[in-house]
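Chains as they are written, first to last, in this note's numbering: chain A, 1 to 247; chain B, 1 to 212.
Just so you know, these hints were derived from the structure itself, not from any lab. Any given hint could turn out to be false.
List time: in silico DSSO-like cross-link candidates among lysine-lysine, alpha-carbon distance up to 27 Å [said to hold, decoys possible]:
| hint | chain 1 | residue 1 | chain 2 | residue 2 |
| --- | --- | --- | --- | --- |
| 1 | A | 168 | B | 9 |
| 2 | A | 230 | B | 39 |
| 3 | B | 65 | A | 207 |
| 4 | A | 168 | B | 65 |
| 5 | A | 116 | A | 173 |
Residues of chain A clear of chain B, computed beta-carbon distances all greater than 10 Å [said to hold, decoys possible]:
| hint | residue |
| --- | --- |
| 6 | 75 |
| 7 | 77 |
| 8 | 147 |
| 9 | 156 |
Label-pair restraints from in silico Cβ distances [claimed, not checked]:
| hint | chain 1 | residue 1 | chain 2 | residue 2 | range |
| --- | --- | --- | --- | --- | --- |
| 10 | B | 10 | A | 143 | 20 to 30 Å |
| 11 | A | 27 | B | 179 | 35 to 45 Å |
| 12 | A | 17 | B | 108 | 23 to 33 Å |
Given the structure is predicted, the values throughout are model-derived calculations rather than measurements. Virtual Cβ for every residue (Gly too), placed ideally from N, Cα, C.
Here is how the chains run, residue by residue.
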Amino acid sequence: MKMSGSRSDSTQLKDLRITGNGSSGGGQYDKVKIMGDSIIHGDVECTLFKCTGTASVEGALKSGSIGCQGNMKVHQGLQGEEISIQGELDVIGDLSAQTLKVNGEIRVEGNLNVEKLKGQGALYISGDCQGEEVIIRGSLDIANMLNGEVIEIKLYGPSRAREIGGGKITITKAITIPFIGKYSPGAYGAMQADSIEGDEIHLENTKAAVVRGRNVTIGSGCEIGFVEYKNEYKQDHGAIVGQYNRI
Amino acid sequence: MDDDLISKKELLEITGISYGQLYRWKRKSLIPEDWFIRKSSYTGQETFFPRHKILARVDKIINMKDDLSLDELADVFSPNAGETSLRSIELIECNIVSSLTLDLYVEIQGQQDDFTFDNILCIYILEKLLKSGELSRDEGLMLVRTMEEHYGKLAGKNGELVLIRKMGVSVLFLTESADQMYFDKGVKWVIRLPLASSIEELKLKMNEREEE
């Protein structure tokens, strides 16, 4: 990904600081730092975007590094190299980044494209989610496709994706400590998908119509309609599989 | 219609690639999104591809992936213009176009020092069609003028170049897709050229040049 504002000319760009309640029209900056509550009425391009509190960008945001502790909303697409969120991020339009770290919740009304995604919490995507490395502890809801070289999901809540495809796909249930006499809803996560296809597939607590892969392991809590595998197939006795075939 | 489609499973069987590879290529945009055709089947949804396009593409990727990185390959297949511009002497020396075609182009457009990718594409298509004998010199003139004036509007899309003739009168045009076009009986389709394939060929040729 190319970012404008190389070091030489970024020295000429000014910083934008908003403390307390404030708003800005947007534009090009070196550093944007927000503490408090702010609205930016327009596109922002900067080398660093830092928000502690609430920020709403009504245009597009393009930044080298983005850090947010609190709430952030971008209305027309977000592009960054390194994005780290503790709290909530809402993006209307596509979100693309080299690395995306989340502790909290992300909503994208569009596609999510990353090299590396590491998330703890919830992920809602109305389009596709693509990445070389997608590691999530929590729950996710992807309306179209989840595509990744390495996909690791630890289920902490009800999750859904229409299609999952990639190199190595691992979906496991979370280890929960049972509380005596206490029912904790949502602690028991499950994945639901139309199809899951990959080279190495390991599933737990997953409901899918079709699973296809080279080496397939269907673990406990799975309900799979149809499995096709090439090399190796393992099935836990706690799994329900309608039919499996070697191709 | 069904003959022209291939299921994902069949594709993997024929080509010997794995799901991981297929999804990797999709992520890197080596296989265009609109080639993934979802249809319902007895197991639910199945994905199909346009048979000839996907087989040719997979074959190319397999053959070239040792020499080029996936990102470079993505660039070759992208309908976007390349960034390079070349001087006329480089065009000839590297066998991208012949001096005959270049002279004709210069005759129409005037001499210039640098040729942008779009210019080169125009010359390349001109040469290809002149050589194949489908295009007359006068039509070549139409081609150059049309490309220079309108190609920019199609840039980044998968446009097509079409030449039709009726009673010896030829009409040449650029369109995003010529799929849904119907003419009266006297009209003959002479040329229907997807620009993306020419862009691909040209980029490969120019890549070879860089390696030398």
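Against the structure, the hints:
{"no.": "1", "hint": "A:168 / B:9", "verdict": "holds, 18 Å"}
{"no.": "2", "hint": "A:230 / B:39", "verdict": "holds, 24 Å"}
{"no.": "3", "hint": "B:65 / A:207", "verdict": "violated, 36 Å"}
{"no.": "4", "hint": "A:168 / B:65", "verdict": "holds, 21 Å"}
{"no.": "5", "hint": "A:116 / A:173", "verdict": "holds, 22 Å"}
{"no.": "6", "hint": "75", "verdict": "holds, 24 Å"}
{"no.": "7", "hint": "77", "verdict": "holds, 17 Å"}
{"no.": "8", "hint": "147", "verdict": "violated, 5 Å"}
{"no.": "9", "hint": "156", "verdict": "holds, 25 Å"}
{"no.": "10", "hint": "B:10 / A:143: 20 to 30 Å", "verdict": "holds, 27 Å"}
{"no.": "11", "hint": "A:27 / B:179: 35 to 45 Å", "verdict": "holds, 44 Å"}
{"no.": "12", "hint": "A:17 / B:108: 23 to 33 Å", "verdict": "violated, 57 Å"}
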